[in-house]
Amino acid sequence: MIKLYQFIIFFISPFYIFSQGFQVNLQGQKQQGMGGAGTAYMQDASSLFFNPGGASFVHGNSVNAGVTPTIARGAFLDESTQTVSRTNSPVSTPFAAYGLFEVKDSSKLKIGLAIYTPFGSTVQWEENWTGRFALTRLELRAIFFQPTISYRITDKIGIGAGFVYANGRVNLQKDIPLVDGNGTYGHAELAGKANGYGFNAGIYFKPIEKLSIGLTYRSKVEMKVNEGDATFNVPASASANFPSGKFTSKLPLPNVTTLGLAYKINSKLDVALDINYVGWKAYDTLSFDYENNTTSLIDTKSARRYKNTFAFRGGAQYKITHLFAARLGLAYGITPVQNGYVTPETPDANRINYTAGLGYELGKHLKIDVSFLFTHLKRKDTNIETNLSGTFKTNVCAPGISIGYKF
Amino acid sequence: MNLYKLSIITIITTTLVGCNPKFDVPDPGKGNIDASQYVALGSSMTAGYADGGLYFGAQQNSYANLLAEQLKLIGGSEFKIPYVSQNSIGIGNTNNAPSVLGNRTDCQGTVSLGPVKLAIQGDASVFSSNVYSSQGPFNNMGVPDVKVTDVDLNGYTNPFYSRMASNGTSSILSDAIAKNPTFFTVALGLNDVLNYALKGATSESITPLSGPVGVGFESSIHNVIDKLTANGAKGVIANIPSIKSMAYFNTIMWNSLKLDTASVTNLNTFYTALNAPFSFVEGNNGFVIEDQSIPFISRRLAVDGEFILLNVPLDSIKCHKWGSLIPIPDRYVLTLSEINTIETAINNYNVILKNIANSKGLALVDMNAFFTKIKTGFTYNGVAVNAAFVSGGAYSLDGLNLTARGNALLANEFIKAINNTYGSSIPEINATKYPGVIFP
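So the protein sequences, as listed, match chains A and B.
Here this note's numbering is used: the first residue of the first sequence is 1, the next is one more, and so on.
Here this note's numbering is used: the first residue of the second sequence is 1, the next is one more, and so on.
Since the hints were derived computationally from the structure, they do not count as laboratory data.
Be a bit skeptical, because a hint or two may be false.
[As the list claims (entries may be wrong)] Capping the alpha-carbon separation at 30 angstroms, the derived lysine-lysine pairs in DSSO-like fashion look like this:
1. 319/A / 220/A
2. 258/B / 378/A
3. 380/A / 433/B
4. 108/A / 301/A
5. 301/A / 375/B
6. 433/B / 301/A
7. 117/B / 258/B
8. 244/B / 80/B
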């Protein structure tokens, strides 16, 4: 007759990472050294990612593998309490591996396989931090497998396309503001495997020897979590309100349209520029659909309202000797996250990436490239859903290395 | 270690250190207040009364003590509290024991989570000994049940005061003044209406606005503030929350009489025979409440906006026809006109409190707005806070006083008011560190 004790406790839900929303632009060391530009600048097998249309212009067969240990250090200042909380996220290791092969000698057709991690990393906030009921940890992994065909139509124009299969997993954790007699708070963990499909297509055009132009479209990949496990640890008397069980969710990884230019200033100096248009508008809502609903555990729809956004990436490569190259670059990314929607998973802001790199050819076949990226983010906001209010700062330091082999 | 390894380690270390974001956090500023001797005056909430009783844990988490902790950042000294022994279960104002959340079985054999008293009676030893000589003199002069008119009453006989009084003829105010406060908070006046409301407006009375000190609200509160500020002390006055916002009056809804077809038929037959001017429908109905102004049957249906008090015996409703065949007694009900009388008094008190704060240049905490905000519900750093009993996180198990989390949020309201008025920059409290109702 009388519902005295209804447990209506919002279960607020998020997702995330660093680098313009949760996009990670670390797919090639040469490009990284040049601010991330490479859509019109064909260097090696990593062109499979940067422009499948231009891959057919890369000479011979080549394989290339690299890794970029990424150190992202986040901190949050709650101005009202004048306290700082920090992340102690593990180093994430975005990697990329490419194999690009001629179908037969000097044919116009090339095939290749690209394996890379364009999204993801781990955010781990310190114990008992101010925003613990919004997020304590988010781990997001997505590996893309992209078999690709590239065809050189003429010596001036090439096209290419790859099918993308994405496989990943997500693990999201937060505390629940229910306390037992020992002072232990409830905790929620949502973990699941996700997968999705998409494609990557591009055109490469080289009207004159010194100038090349690239246009690519990497499609949206909708990562679906179908049989995720939701685990709730709450005080025993509230456990019926938080039944562990399955959940479904999905996370859109946005499409990216890129226009690239590259220009050979002289035999030693090349410059490149990429303009990305990222379809972040796809990330409008983050929903969690729980198999077992109760009055406390209701399906959630959290507004994210990302907006489409641009990024500009430019850089230069200077050949100090014919074996040794130095690179410098700069990128400016506009955040897709609107005011009121900044979360501890995505403490995103407009950003400037500073990059540098070196390349060295060890003989005819082998090449080593290294790069370094630094970014500083600062964003002050009050989230409309959690009312978490303060200033997020994130520094990203990402040194990377790759080895390439041509034959 | 070779050079190669050393350089790798150097690079990694530099990267890690250089990669840490830095913040310049300003030091707390005292503005133009002297927080060295802070004294709190008030009633149950100030004293740290919660879950239906005064006990050690709740005393620690009173907003007054939490505020004192923050004042220590700008030069505040020890905040002495007349603690109940840590081993004691504590005691409430009807000599009852405080409650905890637990399983209880109702008359229908249904087990559900609700407040369960820790013992049949509270710990009477709390009242039997005076702790002034061992623990005093006190900074927290909050005394449960105190009215504005009682504060300067010499030899005031409230047992919560007797246990902490400096002597048999002192008053709460004289003890507070003896502490030479440089800074004070005053949260008085709620009990001047609440005691009446808690009796369903059947006994006790509302303190009148006028009259001499000890009788009228206005002169009594002026007396308190005049004496506290006589030596130039600064402070904060809190206004009084509307009872409409409190869990105690909003948990059992006026229309929670849920009826099936058979019950509707039975009740309609019964009341038709009595010529009652009301009838019942399937689903939710207003409870039948006692109303002596209705001829012959002395009862009517509750209407929207009327309150059934939280202390109504639920078993009587569930199993003994209270609220349907038997009217809920008047002492468990506040009618529209009674609520109106109470709210009018609160509004009048609040005008007086605001005028005093303005004329004395003191900070004013809009406690009324804060409690209304809880009633509406809000999210604090990802934590939903509302006035729902047990689950809302703000109200303790007595439905009137706050949980630790609620107290921390209230202390922040005081801090904001102080900072605004006195140009200080006292940091607020991270209220997520304080629990709501403890779940077994």
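Starting from the hint list further up, note which numbers the structure goes against and sort them upward.
-> When the structure is compared with the hints, numbers 1, 2, 4 and 8 turn out to be violated.
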